[in-house]
Amino acid sequence: MTSYLQHGQARRAGHARSVADHAAAVVGLLQGFRAADRTETLPLSGALGRGLVQDVTAPVSLPPFANSQMDGYAVRSRDIPDGGTDLRVAAPVPAGSRPQPLEPGTAAPIMTGAMIPAGADAVVPIERAVPDHFVDARNTATVKLPAVQRGTYVRAAGSDIAAGERALAAGTFLGPAQLGLLAALGLPDVRVYRAPAVLLVATGDEVVEPGQVLEAGRIYDANGTLLEAAMRQAGLAVRRAGISTDNPEELRNLLRTAGQDVDLIVTTGGVSKGAYEVVRQAMADQPVEFLHVAMQPGGPQGIGTFDGVPFLGFPGNPVSCLVSFEMFLRPALGALLGAPAPRLPLRARLGQELTSPVRKHQVRRGNLHPDGTVHLEGGESSHLMHALAGSNVLVHVPEGVSVLAAGDEVEVWML
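Each residue of the sequence shown is one higher than the last, beginning at 1 in this note's numbering.
Everything labelled a hint here was simulated from the structure, so no lab data went into it. Model, not experiment: these values are computed from the prediction. Be careful, since some hints might not be right.
[Unchecked claim] Here are the simulated distance ranges between beta carbons:
#: 1; residue 1: 344; residue 2: 156; range: 45 to 51 Å
#: 2; residue 1: 191; residue 2: 163; range: 18 to 24 Å
#: 3; residue 1: 133; residue 2: 409; range: 54 to 60 Å
#: 4; residue 1: 191; residue 2: 151; range: 34 to 40 Å
#: 5; residue 1: 187; residue 2: 305; range: 33 to 39 Å
#: 6; residue 1: 128; residue 2: 408; range: 49 to 55 Å
#: 7; residue 1: 31; residue 2: 273; range: 27 to 33 Å
#: 8; residue 1: 216; residue 2: 48; range: 25 to 31 Å
#: 9; residue 1: 205; residue 2: 273; range: 37 to 43 Å
#: 10; residue 1: 408; residue 2: 96; range: 19 to 25 Å
Virtual Cβ for every residue (Gly too), placed ideally from N, Cα, C.
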């Protein structure tokens, strides 16, 4: 298997790494997340948003028995000629009961979901009967019913899934529908991948926590809240370590003290080529690679391990760090663990012209409207938090494309 460091060969040759190569490098870095000792069995109530470890085979059929799709009368279709006929009313069949076999020439009142009596092969809805409502069989001996074809309004046993068939594939994201299926199959718990624990550290002498006094030259930290929320939404267990100064030794100590027993370390800021790139300096003795990905925003990236723990260094601008998460970490988790679910890609028509660096994959923010058009929010800059907050999609302009006109199609990811 190609390691995450091997994906850096193109960069060392003087070229920015492609988005696809860096995405593959992140998957390679996190391969250990799939280890057998990183799984757990949870009750269905605790497995929402997790990924399935192994295939699930249906232990029973769904439905487990033939049942009625409607309130009506269970009949033998051959007992009713084309013009309809009167049939003697048999004992009713409520849901949850085991009915007696249906005798020829009779019709059994049956409720939705109730078991089809042996001998019956169709259901006539109550509104097509005369009278068109259920009455006490002791007072009404017969009911007039129209002709009906065999199988009408009958849910056959196993018509949803048969016992022994694969119900869910390994790697499936467990949402409400998937958990509902497991419950319908009678399974009380499920084997899932453990939620990775991540240490999140923002860096920069200029960054202060929201709520503190904002002195000249300082900015409030948006990255910590932004990424923590994105990570928690993706199912990660997030540990915040506050804001590190631009002192490399302090950052190293912080990572070692706060990063015990975590599965991944993510930092924001300090990964470019400036004079005070604290993350680069703190990782000087670690197998960490700092490189440029052919992407805008989010080009500067760090990847490797810190004291053996997988490490990702995201850029410091808020939009850049969120785009980095969406392009690299989130899809890697989904590919390896089945969770989170992938972003839904759609095709949309641009509401206006845009330009893009021809050698970069550009990710813009936008709003997808019901008519299928997407309108860009803000410009290309990676600090535009207000534009990000007002967007519902990421707009992708692939490498090699420099200009798109209004009306051209683009791929968008729903946020």
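Check your understanding: Against the structure shown, which of the earlier numbered hints fail to hold, in ascending order?
Key -> 1, 8, 9, 10
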